[in-house]
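Residue numbers (full-length UniProt numbering), protein chains in the order written: chain A, 1 to 259; chain B, 1 to 399.
Treat the hints with caution; some may be incorrect.
To be verified - Pairs of lysine-lysine residues, derived as DSSO-like cross-links and limited to a Cα-Cα distance of at most 30 Å, are as follows: (1) A:K257 x A:K198; (2) B:K249 x B:K160; (3) A:K198 x A:K146; (4) A:K190 x B:K128; (5) B:K128 x A:K198; (6) A:K257 x A:K238; (7) A:K197 x A:K73; (8) B:K128 x A:K196; (9) A:K257 x A:K73; (10) A:K198 x A:K229; (11) A:K52 x B:K128; (12) A:K197 x B:K128; (13) B:K249 x B:K128; (14) A:K238 x A:K52; (15) A:K73 x A:K2.
Everything labelled a hint here was simulated from the structure, so no lab data went into it.
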Amino acid sequence: MKIVVLVKQVPDSGAERNLRSDDNTVDRGSANNVINEMDEYAIEEALSIQEKHGGEVVVLTMGPSGATESIRKALSMGPDSAVHVADDALHGSCAVATSKVLAAAIGQLDADLIICGAESTDGRVQVMPHMIAERLGIAALTGARKLTVDGSTLTIERQTEEGYEVVTASTPAVVSVWDTINEPRYPSFKGIMAAKKKPLETKSLADLGVDASEVGFDGATSTVVEHSKRPPRQAGNKVADSGDGGVQLVQYLSSEKFV
Amino acid sequence: MQRLNTLPADLVTSVNVHSHVERILPTDEAYALLELVREIADAELAPRVDDFEARGEFPRELLRTLGRVGLLGLPYPEEYGGGAQPYEVYLQVLEELARRWLAVAEAVSVHTLACYPVAGYGSDAQRKRFLPDMLGGELLGAYCLSEPAGGSDAAAMTTKAVRDGDEYVVTGTKAWITHAGQADFYNVFCRTGGPGAGGVSCLLADAATPGIEPQARERTMGLRSSPVAQIAFDGARVPADRLLSEENKGFRIAMSALDGGRLGIAACAVGLAQAAVDYAVAYAGEREQFGRPIAQFQGIGFMLADMATQVSAARALVLAAARLRDAGRPYGAEAAKAKLFATDAAMRVTTDAVQVLGGYGYVADHPVERYMREAKVLQIVEGTNQIQRLVISRALTRG
Ligand SMILES: Cc1cc2nc3c(=O)[nH]c(=O)nc-3n(C[C@H](O)[C@H](O)[C@H](O)COP(=O)(O)OP(=O)(O)OC[C@H]3O[C@@H](n4cnc5c(N)ncnc54)[C@H](O)[C@@H]3O)c2cc1C
Ligand SMILES: Cc1cc2nc3c(=O)[nH]c(=O)nc-3n(C[C@H](O)[C@H](O)[C@H](O)COP(=O)(O)OP(=O)(O)OC[C@H]3O[C@@H](n4cnc5c(N)ncnc54)[C@H](O)[C@@H]3O)c2cc1C
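When you get a sec, could you build the whole thing from the sequences and use the hints?
Following this line, the structure appears as structure tokens:
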């Protein structure tokens, strides 16, 4: 089984993040760039399937040249090789265009299974698996908290607010995963060493046969017009209890329509 | 309730501890290793240490995680599954672990010590057969030298092994064994010949061997998540092909293993002391008395300066001894000096850290009282600091 794992490099969600003032895109230059957290779960899932069923795991990333660092980190966990789609024309791509590029790259890899995170921590649109599956004409099993592989049959437990749904499809298919699905491994010391020598292929839009006008700002179906910082949090209300604290709390809750 | 009001709760949670040690490492891979270790220490060790220490539970699963990462065989050859790292790098890994959780660092150190007799003195066949599993990360080792009646005078041991066909029958009691009941294999030093050092052999015993019976755990002052107990050997039958080196040549193995082990303990001491300095510095920068941060009083500032200086000196001494070892030069006396100095420094520095925090240093809301309890054991294990002085003075007078 050949598994392609989609890995996106994003600004660390635990640190200060900004959009650029000139073109409203993510400011990757000033950020601490890391692997999108949910994608580490996707890598782990791919590796544990490989451990049980054999085959090959390929990391696929679309991103600027600095994303190589995250790709090496991903490889140090255990995947066999990586493809990095990098092209200056990609800057400013919308989700629709991103899915076109990723689908084209997957098309060249002959994958049986594509695994990705359920969402990225920067874009958070949660649409990539659906869009890619649509473009490739294959099934999308999204939001998995469990994935079972039985020959060419894939079964997931799709996490919902109330519980879960069981969804099946046959390969090839796209599966997106939540962080409830497993516990990602740490890279091993030997894995870090080995990652330096693993094949990493860089592809341009021309290599994928995608026209530059279909991506980037030119091809964007949506535009970020302006942005501003979230206002600082207001100080909360303090209720001093001088015998009527309970009443005051209830009054507050009902005035805010919580009760 | 009253007590809660007198504790500055915001201070307890807001002490913002920074640690940065400038390190010179020999290779890019060593830098990558240290970065990985710091990440794991912050994410896996730091959040758990208080809970495990309070409950006295050994973090066996965490050791497996470290094993999978490759930290349970760092200074051993790659061909047997080791990390092929010089001691200089391995010890700095221990230091980073000890900064977060001494018992875990000590566990790695003791395991590494327990692999040494096979790696250093086993036959080719024994190395091929045992080392890959021992270094592979799933197994944990222990080192059984001390006895109830003989710690410093290890050569007086009475646990005996008698050859019976293809087996040795081991009878006696070992004391103070770290990882007792948790280990998968034990290095057992036992008497096969006459009295003294010349009658001691080293066996590599499977923990599952019938007749190897770990006793009740000791109730220790600190390091409570690390299990320590006596082990009774009640006619345990150990296959004769598990004798390392030759009969009656085991004492040399014990001593040369301890030379390396002492460096491990010394590195643990440096990490522990570093943690104490980092915490005391952060606290003294935030705690105000008489209208200013206490760090601005010279009495505290100079104390912090002395603490930091002792840690730097200890680290330098440990690494100097390690580099001798890595270069294949004699290093036993230098290792003894490093162990003596670093563990004494850790005791002083952790005691001073408690003083810097005042009353808050004496309660479990802050980690420094734990550091102080933990430092003490480092002056005792793998040769008390009196025995280190004995080693050093003998080396001096031997000329
Ligand atoms: C603040 C902000 C606002 C945005 N607004 C819009 C908008 O309104 N409309 C719009 O079309 N686009 C928008 N984008 C851009 C869009 O998020 C990116 O095009 C992005 O690459 C695709 O969406 P996602 O990463 O959020 O995908 P998600 O669907 O959230 O990501 C799911 C998974 O897809 C995979 N994946 C996503 N991108 C890549 C990649 N480049 N390489 C490899 N794997 C990947 C990862 O495995 C990821 O976990 C915005 C981006 C930001 C940061
Ligand atoms: C938490 C813990 C874990 C341990 N783990 C292990 C382990 O895994 N394996 C193992 O084999 N052992 C282990 N030990 C045992 C440890 O190595 C011994 O406790 C140590 O060697 C001292 O031996 P002792 O306790 O018998 O003290 P003693 O030897 O009785 O010493 C008592 C005092 O006399 C001093 N003294 C002794 N001889 C001299 C001398 N010639 N000159 C000057 N002073 C002297 C000592 O320094 C000490 O202060 C552990 C001990 C502890 C507390």
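Non-conforming hints, listed in increasing numerical order: 1, 9, 10, 14
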